[in-house]
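Number of protein chains: 2
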Amino acid sequence: MILGIDIGGANTKITEIENDRYKIHHIYFPMWKKKDELPDLLKSYNNDNVEYVALVMTAELADCYKTKKEGVYDIINKVEQSFNCPIYVFDVDGNFLTTEEAKKNYLKVSASNWVATGKFVSEFIKESCILVDMGSTTTDIIPIKNKKILAEKTDLDRLMNNQLVYVGALRTPVSFLANKIEFRGKLTNLSSEYFSITADISLILNKISENEYSCETPDNGGKDFKSCLTRLARVLCADLNMVSEDEIIDFAKKLYNKLLNLIRENVDSVSKRYNLNDIVITGLGEDILKDALTDYNIISIKELYGKDVSLATPSFAVADLLSALKGRRFP
Amino acid sequence: MILGIDIGGANTKITEIENDRYKIHHIYFPMWKKKDELPDLLKSYNNDNVEYVALVMTAELADCYKTKKEGVYDIINKVEQSFNCPIYVFDVDGNFLTTEEAKKNYLKVSASNWVATGKFVSEFIKESCILVDMGSTTTDIIPIKNKKILAEKTDLDRLMNNQLVYVGALRTPVSFLANKIEFRGKLTNLSSEYFSITADISLILNKISENEYSCETPDNGGKDFKSCLTRLARVLCADLNMVSEDEIIDFAKKLYNKLLNLIRENVDSVSKRYNLNDIVITGLGEDILKDALTDYNIISIKELYGKDVSLATPSFAVADLLSALKGRRFP
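Sequence order for the protein chains is L and A.
By UniProt numbering, the letter at position 210 of the first sequence is numbered 210, and the numbering carries on one by one without gaps.
By UniProt numbering, the letter at position 109 of the second sequence is numbered 109, and the numbering carries on one by one without gaps.
This is chain L alone, in the form it adopts within the complex:
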């Protein structure tokens, strides 16, 4: 069995691959609070069947580490403590490093998760495509051509080149989507306060379930339909006595269209620049991406591999890539 482990700041995801079967574990594990318990967690996934561990991480960027170096070292040490098999760490160039090499090149193994997804997609799904991954907070748009990941390296360059859009399925403040929207036939100003987020829109329009609304609400209120409507009404300085449910649903649709346009514009631009028309989608926001990218040929990781993989692609990707490398992958 090969384990793919993705250690993030708030969540750790573990993919177990054995032959052609896989199982994914999502564990809410806030590293800034519990990093010393990480070996205990990981050990519970260790057993005699585990032959290799493939590792990616972003938790080294969390508050609990002063530098990337400190984070990378600590995380690798803790993984080493937890397993007695070989451990390989995935780097931003798409290679697996031994833990010793990884510590020497700690900058290269930091935040390589999206490269893992990109490489997995280019190897096993589509050689040339745009990988679009919508998570809770951002959307990554990654051009891949002839198995080469052409994405910019820094977030600034990615923002400048339509490869990073700060819009996600959950955490984006509604006020980022627009500062005015037509309401009751009038172009209406919106509040800029932190009253409502895209999770409210996603839930109202049935793009996510209450369970998938996995971040905190802006008012610490509920995640049910009515609570989402209440928060969204507040963006108009209104409450459900002043505006009807239908009016808020219509308002949600108008904001949702702004969100779709933002995604579409950026993907269009990457598509033109690299002459790519096939899109591989993944992440919590797959359904939203489908609404945005109707003009493209869409390949869904959720449909190919199941929802669990779509929500934890990097951990699955490194496990699958290492399987192939070790001749264990079933086609």
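Keep in mind the hints are simulated off the structure, nothing from the lab.
Some clues are possibly wrong.
To be verified - Listed next, with one range per pair, are the computed distances between beta-carbon atoms:
(1) L/T67 <-> A/D224: 50 to 58 Å
(2) L/T67 <-> A/K186: 26 to 34 Å
(3) L/L107 <-> A/K180: 26 to 34 Å
(4) L/K180 <-> A/K326: 23 to 31 Å
(5) A/E182 <-> L/W32: 50 to 58 Å
To be verified - Straight-line alpha carbon distances no greater than 16 Å define the calculated EDC-like cross-link-like pairs of lysine to aspartate or glutamate that follow:
(6) L/K69 <-> L/E18
(7) A/K180 <-> L/D157
(8) L/K180 <-> A/D157
(9) A/K126 <-> A/E303
(10) L/K186 <-> A/E70
(11) A/K103 <-> A/E70
(12) L/K103 <-> L/D74
(13) L/K180 <-> A/D155
(14) A/K180 <-> L/E100
(15) L/K103 <-> L/D157
(16) A/K180 <-> A/E193
(17) L/K108 <-> L/E37
(18) A/K226 <-> A/E247
(19) A/K186 <-> L/E152
(20) A/K272 <-> A/E303
(21) A/K186 <-> L/E265
(22) A/K103 <-> A/D63
(23) L/K254 <-> L/E182
(24) L/K104 <-> L/D74
(25) A/K180 <-> L/D291
(26) L/K180 <-> A/E265
(27) A/K186 <-> L/D157
(28) L/K186 <-> A/D155
(29) L/K207 <-> L/D291
(30) L/K69 <-> L/D48
(31) A/K35 <-> A/D63
(32) L/K186 <-> A/D219
(33) A/K253 <-> A/D268
(34) L/K186 <-> A/E265
(35) A/K186 <-> L/D155
Note that beta-carbon positions come from the ideal geometry of N, C-alpha and C, so glycine has one too.
Mind docking chain A on chain L? Use the hints.
Showing chain A alone in chain L's frame:
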């Protein structure tokens, strides 16, 4: 002497008017923490010279009161405890009520501060004009025609009719102004995280002083020029090693233009609708409003009455209006 008192949620402002002289006191007094100490504060302004008190309030909307009624009653009771002269409470129709009447009509004396400013402007500055008041968080655009304040009553209606813009000199998240901006010649996506606010732009462009940056910073960092640059760079997912000071200043100017456009569009719309071209400006954002409204005939309360009055217009307004009513006003 006549006292004008404006009791807000976070600040209490007191104007002392005696003959043609006035003095303004700004007191940071968070009612949600200290409301029981309000009488002590007010008593320190009581003396034998105080003949009348004129009162406006918004603190009844603060978290520390369950309902407006509870808030209005408590605030009036505390003012009554503090003074032994007649107290008049200003209402949203522009009248002064006795404390007894005010309690009976508690909804009418709630949040009447902008009406006080409007009435003062229409009585003593300009019969027909648009009053534009830019505070820390919002901009009020109030049409006044032949001494009649024509503004909508609810915030929803004001948002729908260009009379309330959720943009202020300090607290507005930069990400509300735009979700993309030209940077290094490329239309660049911005972060939607709460990284930077208009106070950073205002300070960088010298529209406010470090002292006037009176709200908290998003990162709990400093309010100096460099700290503001650092926060603004973060909106591009960058730091001052990746982008130059000049580039951030240029970025600040582009965002500032977005802010000016928002204000201008809304004022233009009110101007057309009511056929009004004279603008009376007040509030912390007067200098910003001057930049936005270059096509109009501008009358500045700061220039007419001084900066203190511009920053505390409602308290000055009720004191001055009551002076006139009592035949005490000097022309």
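Hints versus structure:
no.	hint	verdict
1	L/T67 <-> A/D224: 50 to 58 Å	violated (25 Å)
2	L/T67 <-> A/K186: 26 to 34 Å	holds (31 Å)
3	L/L107 <-> A/K180: 26 to 34 Å	holds (29 Å)
4	L/K180 <-> A/K326: 23 to 31 Å	violated (44 Å)
5	A/E182 <-> L/W32: 50 to 58 Å	violated (36 Å)
6	L/K69 <-> L/E18	violated (33 Å)
7	A/K180 <-> L/D157	holds (14 Å)
8	L/K180 <-> A/D157	holds (14 Å)
9	A/K126 <-> A/E303	holds (15 Å)
10	L/K186 <-> A/E70	violated (35 Å)
11	A/K103 <-> A/E70	holds (10 Å)
12	L/K103 <-> L/D74	holds (10 Å)
13	L/K180 <-> A/D155	holds (14 Å)
14	A/K180 <-> L/E100	violated (42 Å)
15	L/K103 <-> L/D157	violated (26 Å)
16	A/K180 <-> A/E193	holds (14 Å)
17	L/K108 <-> L/E37	violated (25 Å)
18	A/K226 <-> A/E247	holds (13 Å)
19	A/K186 <-> L/E152	holds (14 Å)
20	A/K272 <-> A/E303	violated (26 Å)
21	A/K186 <-> L/E265	holds (14 Å)
22	A/K103 <-> A/D63	violated (20 Å)
23	L/K254 <-> L/E182	holds (8 Å)
24	L/K104 <-> L/D74	holds (13 Å)
25	A/K180 <-> L/D291	violated (22 Å)
26	L/K180 <-> A/E265	holds (11 Å)
27	A/K186 <-> L/D157	holds (10 Å)
28	L/K186 <-> A/D155	holds (15 Å)
29	L/K207 <-> L/D291	holds (10 Å)
30	L/K69 <-> L/D48	violated (31 Å)
31	A/K35 <-> A/D63	holds (11 Å)
32	L/K186 <-> A/D219	violated (36 Å)
33	A/K253 <-> A/D268	violated (22 Å)
34	L/K186 <-> A/E265	holds (14 Å)
35	A/K186 <-> L/D155	holds (15 Å)
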